[in-house]
Amino acid sequence: MKSLKTVFWDLDGTIADTELSGHRVAFNLAFKDYSLRWNWSKESYIRLLSVSGGKNRIAFYSKQQGNKLSEKLIQHIHTRKQYYYRMLVLDGNIQIRCGVIRLIKEIADKGTKQYIVTTSSKYAVEALIKKYFDNKTFEGYICSEDISKSKPNPESYMLAMNKSNSTPNNSIAIEDSLIGLKSAKEAGLKCVVTYSPWHIHNNNNSYDAELVVDHLGDNDNIPNVFAGELTEENVNYNSLLSLLNHKEL
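The sequence shown: position 41 = 40 (numbering that gives the first Met the number 0), numbered continuously.
Be careful, since some hints might not be right.
In the PhoX-like style, the derived pairs of lysine-lysine whose C-alpha atoms are separated by at most 20 Å in a straight line are [what the hints assert, rightly or not]:
{"#": "1", "residue 1": "K4", "residue 2": "K246"}
{"#": "2", "residue 1": "K4", "residue 2": "K31"}
{"#": "3", "residue 1": "K71", "residue 2": "K148"}
{"#": "4", "residue 1": "K71", "residue 2": "K104"}
{"#": "5", "residue 1": "K121", "residue 2": "K109"}
Computed spacing ranges between beta-carbons, pair by pair [said to hold, decoys possible]:
{"#": "6", "residue 1": "Y122", "residue 2": "N38", "range": "21 to 29 Å"}
{"#": "7", "residue 1": "K62", "residue 2": "S2", "range": "45 to 53 Å"}
{"#": "8", "residue 1": "Y122", "residue 2": "N223", "range": "30 to 38 Å"}
{"#": "9", "residue 1": "E185", "residue 2": "Y122", "range": "22 to 30 Å"}
Calculated from the structure, these hints are not laboratory results. Don't be surprised by glycine CBs; every beta carbon is placed ideally from N, CA and C.
Please take these sequences and the hints and turn them into a complete structure.
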């Protein structure tokens, strides 16, 4: 039986509901500072989530608007956005998703290592860790500064496995989106998809994940299963271990 050595967590939408009440709000504040008449509604931002990475998102949108911004200006806007995002996090405007705290504790109690693998910046990751977690919760993290290609490219997960001295045979990823799932699968990892509310309408696209649920589950809040088999009431350490050892027919 394979042992579970490492769990790789995506951050935005997986660990916390950061996108609509965090990143989107911070982007709009930064746009205002740079006199851009852009205001991303929840609906438009959900569509923009198909583009991975904040700077890529700004570049994509500016091209759509026929107002292509320079790389230097995009960097300035993004830096300002990071400042606002950090303030939103530290002020408690971000909610940790259902079951995350429970599962992180269960994994830690088993002595299994945990890493964050995200296209967010180190600045954003450290703000969330500072607010909601102990510094020792995660062994490390892979951020946008560490990679040249964002998800769905597998670079971030390949680097995470190298950094953690792990392989697809002893590790598993937890994601919330099709982009993240593709990244994990391309790296050879088995993957649990726990849909964010803004991704849940796309659940048919992620049936090649080992397990697809609407959340990880907590107490009496049992998750809905869209694909795969959940061997426990909630997504817990034993169910992750079962998925890792499941043989495809």
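Going down the list of hints, with the structure as the test:
Under the criterion of a C-alpha separation no larger than 20 Å, the hint pairing K4 with K246 is consistent with the structure, at around 18 Å. Proposed proximity of K4 and K31 is contradicted: the alpha carbons are some 45 Å apart, above 20 Å. For the hint linking K71 to K148, the alpha-carbon distance of about 19 Å falls within 20 Å, and the restraint holds. Only pairs whose Cα atoms come within 20 Å are accepted, and K71 paired with K104 is rejected, the gap being roughly 41 Å.
This hinted pair does not check out: K121 and K109 have alpha carbons roughly 27 Å apart, beyond 20 Å. Between Y122 and N38 the beta carbon distance is about 23 Å. The supplied range of 21 to 29 Å therefore holds. Restraint check, K62 to S2: a C-beta distance of roughly 47 Å satisfies the suggested window 45 to 53 Å. Between Y122 and N223 the Cβ separation comes to about 34 Å, which falls inside the hinted range of 30 to 38 Å.
Distance hint for E185 and Y122: a CB-CB separation of about 27 Å, consistent with the stated range 22 to 30 Å.
In the structure shown, a violation is registered for the earlier hints numbered 2, 4, 5, in ascending order.
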